[in-house]
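Asker: The sequence shown maps to residues 64 to 299 in the working numbering.
No wet-lab data here; the hints were simulated from the structure.
Don't take every hint at face value.
Pairwise CB distance ranges, derived in the manner of DEER restraints [what the hints assert, rightly or not]:
(1) L188 - D84: 18 to 26 angstroms
(2) G92 - K280: 21 to 29 angstroms
(3) A295 - Q139: 32 to 40 angstroms
(4) A129 - R160: 43 to 51 angstroms
(5) G141 - A165: 35 to 43 angstroms
The beta carbon of each residue, even a glycine, is placed where N, CA and C say it ideally should be.
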Amino acid sequence: MSPPPRKTTPEVRLERETANDEIYEKIYGAIVEHRLHPGTKLGEDRLANIFGVSRARIREVLARLAHEQIVNLFPQRGAFVAKPTPEQAMEVFEARRLIEPALLRRLIHTLTSEKVARLRQHQELELDARRRDDKHAVVRLSGEFHQLLGVLAGNTALARSIRELSMLTCLIIVLYDAPTASSCRADEHTAIVDAIAKRDAARAEQLMLGHLDHIEKSLKLDSSTEEVDLEAVFGL
64 MSPPPRKTTP
74 EVRLERETAN
84 DEIYEKIYGA
94 IVEHRLHPGT
104 KLGEDRLANI
114 FGVSRARIRE
124 VLARLAHEQI
134 VNLFPQRGAF
144 VAKPTPEQAM
154 EVFEARRLIE
164 PALLRRLIHT
174 LTSEKVARLR
184 QHQELELDAR
194 RRDDKHAVVR
204 LSGEFHQLLG
214 VLAGNTALAR
224 SIRELSMLTC
234 LIIVLYDAPT
244 ASSCRADEHT
254 AIVDAIAKRD
264 AARAEQLMLG
274 HLDHIEKSLK
284 LDSSTEEVDL
294 EAVFGL
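Modelling step: build the complete structure from the supplied sequences, incorporating the hints.
Answerer: Right under this line is the structure:
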């Protein structure tokens, strides 16, 4: 009986990339949902044991997260969830004030009934999470609302930028103790969607800028880092 054929290089590469994507999404999700706090050390050995992969595989995922500024890599010290300074936090909101109005204008210019339906559907998910008092889902969906605007606008560069900025905002909110329930409110998102549906770009931009101001003003510019059990975060 002949041995089974060996996997081709493309097959091996695809399998590796798929596994890396799954690990990336789990770590990304844990950060978005505030289960991993800013400053948390992401030890390669512990993560390799948690996910049952090599340290090299974990290193690849951490490098990807570092490229997106979600993780900081320090020589001889390792990887840590990014911990934006107060100055960096203000820069994030400055960037969002420049990018998101442009994103809204493009979205409204290319608006379809299907895009409005997707926004309404996301709003229902947000409201349902709040009714269930699912704080992790509320945090994740609040950030994903802004990312969805980027996707629907149809500009990949804008979408990528707002994804990274939304993630940094999630870190900033937990780091500076802004209560998510009030800092990223569903009713403000609903008002923005209503303006988009009416193709009122000026109103949508005004509401978005007010929304970002509201989040920034809810921040407390001091913080503390607590020890996090990585095994507990990932269900082990």
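Asker: Compare the structure with the hints numbered earlier in the document and write down the numbers of the violated ones, lowest to highest.
Answerer: 3, 4
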